[in-house]
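Visitor: So that you can map any letter, position 199 of the sequence shown is 199 in full-length UniProt numbering, and since no number is skipped, the others follow by simple counting.
Everything labelled a hint here was simulated from the structure, so no lab data went into it.
Given the structure is predicted, the values throughout are model-derived calculations rather than measurements.
For each residue, glycine too, the CB sits at the ideal point set by N, CA and C.
Treat the hints with care, as some may be off.
Said to hold, decoys possible - Here are the simulated lysine to any residue pairs, SDA-like style, with alpha carbons at most 25 Å apart:
1) K166 with A218
2) K317 with H393
3) K420 with K166
4) K317 with A270
5) K413 with A160
6) K413 with W394
7) K413 with A43
8) K249 with A270
9) K420 with L395
Claimed, not checked - Derived Cβ-Cβ restraints for the label pairs, each shown as a range:
10) D344 with V164: 22 to 28 Å
11) R219 with S40: 55 to 61 Å
12) L203 with L163: 49 to 55 Å
13) G45 with E225: 54 to 60 Å
14) T318 with I48: 44 to 50 Å
15) A190 with F315: 22 to 28 Å
16) G385 with L222: 35 to 41 Å
17) S425 with Q137: 42 to 48 Å
18) A247 with Q131: 30 to 36 Å
19) G385 with D299: 26 to 32 Å
20) E225 with D31: 43 to 49 Å
21) V136 with E225: 21 to 27 Å
22) T174 with R375: 28 to 34 Å
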Amino acid sequence: MAAKAHLLIRKGRVIDPASGRDEVADLLVEDGRLVRIGASLDAPGAEIVEAEGLWVIPGLVDACVHLSLPDSGRAGDVTSETRAAAAGGITHLAAQPDCGPVDSTAVVRLIREQAGQAGFARVLPVAALTQHLDGVQLAEMATLARAGCIAVGQAGAPVADALVLKRGLEYAATFDLPVMFRPQDAALAAGGCAHDGPVATRLGLPGIPAVAESVELARDLLLVEATGVRAHFQQISSRESLPLLRAAKARGLPVTADVSIHHLLLDESALEGFDSHCHVIPPLRGAADREALLAAVADGTIDAVCSQHQPSGSFSKTAPFPATRPGISGLDTLLPLVLKLVEDGALPLHRALEAVTAAPARCLGIQAGHLEPGRPASLCVLAAGESRTLSSHWLSAGRNSPWLHSRLPGAVKLTVCQGKVSWLSD
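Construct all of the structure, not just a fragment, from the sequences and the given hints.
Guide: What follows is the structure in structure tokens.
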């Protein structure tokens, strides 16, 4: 990574949802720290970044990224994927525990060392709740937290035994570790690859009913209430889950939630033609679900929006649809798709940006997603109105995306991560 930045970013539109700031201003970064935001700043010796007509926003925080380590079966590596993150304005990302799995301090050290050597983004490992993610024996969560993990979870792997899960939540609560859940009942979802709806029926695809999510969510919320653990629910996909989340928040439970960006833009109709690039878990659901999820992001029931980045090689999407590997490569598209939602009038600008900056930082319990003077600078400068065809700028090793050849708004010109320039466009 480069030396600590000494930058004067001039005349950009500074948008910081956490503080409500939205104004044309200068930003001064000295020795890697954001020192001042104001008009007509002067900084002898600083590198000048002319940002007139550009936006300056906090660095994005992505709460769900599946990174690639040796034998993970995914495309790319930590360097390639964090480089794609930096080019997309992402400065902090939560690495899910299925890349190792993250159940030993050696794996945590490997992730942090590789990310540090690459220098593109800050990688925040999430530890495995159970050893090998097998849902049987609890992992050494306290040891993994001391090694640098910010939370624990199962990356979608089930914990069928409620007693094991309860003990795991109690263990996590003892050390004030957040637990990340992706609610899906394994028995109800077994063998499924698409939403259990009219499209799957017509195409002859085995379905996953929406109740698979809401049943598991209801159980998990009861256990959260019983243990007092901080809980973050990932990739909510069904409108039936939303009343459960609203009720939990109304009762004061320490609960947050996110949704993947693709569930806000696509529904089950995207599977027509057996497009395997739209094979994701949880599955794309009905149009009514998509509209309800957008409304839930707008009103804060769903706190954050994530990429659910899962890079795969091209071979993994060439089999018959049920046999293809689920997942979308999402780091290159997170910011452009958020801007598209704003452009389409689906979400207001400040709420949309908050959902990928300050809100996921709060969910993860980290200091990020905010343009706060005095702290190490993490920000990006972008041309929000500049549209690009993504395929010619794609950096992730996984090209498994339905938007690979799309033209989308938003071109990141500069990313600063923890006080150092991590991306500068040509």
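Visitor: A separate judgement is required for each hint: does it hold in the structure or not?
Guide: Hint-by-hint comparison with the structure:
Taking the CA atoms of K166 and A218, the gap is near 14 Å; set against the 25 Å cutoff, the hint holds. As the CA atoms of K317 and H393 are separated by approximately 21 Å, the hinted pair is consistent with the 25 Å bound. This hinted pair does not check out: K420 and K166 have alpha carbons roughly 42 Å apart, beyond 25 Å. For a cut-off of 25 Å, the pair hint linking K317 to A270 stands: about 15 Å separates their Cα positions.
Straight-line distance between C-alpha atoms of K413 and A160 comes to about 46 Å, which puts the hinted pair past the 25 Å bound. Proposed proximity of K413 and W394 is supported: the alpha carbons are some 15 Å apart, at most 25 Å. Between the alpha carbons of K413 and A43 the distance comes to roughly 21 Å, so the proposed pair stays at or under 25 Å and holds. For a cut-off of 25 Å, the pair hint linking K249 to A270 is broken: about 32 Å separates their Cα positions.
For the hint linking K420 to L395, the alpha-carbon distance of about 20 Å falls within 25 Å, and the restraint holds. Distance hint check for D344 and V164: the Cβ-Cβ separation is about 44 Å, which falls outside the suggested range of 22 to 28 Å. The hinted window of 55 to 61 Å between R219 and S40 holds, with their beta carbons roughly 57 Å apart. Distance hint check for L203 and L163: the Cβ-Cβ separation is about 39 Å, which falls outside the suggested range of 49 to 55 Å.
As the Cβ distance of G45 to E225 is approximately 56 Å, the hint placing it in 54 to 60 Å holds. Roughly 49 Å separates the CB atoms of T318 and I48, a value that falls within the hinted 44 to 50 Å. As the Cβ distance of A190 to F315 is approximately 25 Å, the hint placing it in 22 to 28 Å holds. Evaluation of the 35 to 41 Å hint for G385 and L222 yields a failure: the beta carbon distance comes to about 47 Å.
Checked against the given bound of 42 to 48 Å, the beta carbons of S425 and Q137, roughly 47 Å apart, stay inside it. Taking the beta carbon of each, A247 and Q131 are about 33 Å apart, inside 30 to 36 Å as hinted. As the Cβ distance of G385 to D299 is approximately 28 Å, the hint placing it in 26 to 32 Å holds. Between E225 and D31 the beta carbons are some 46 Å apart, a value that agrees with the proposed interval 43 to 49 Å.
For the hinted restraint 21 to 27 Å between V136 and E225, the CB-CB distance of approximately 24 Å keeps it satisfied. Separation of T174 from R375 is about 29 Å and conforms to the stated range, judged on CB atoms against 28 to 34 Å.
In terms of the numbered hints stated before, the structure departs from hints 3, 5, 8, 10, 12, 16, listed from lowest to highest.
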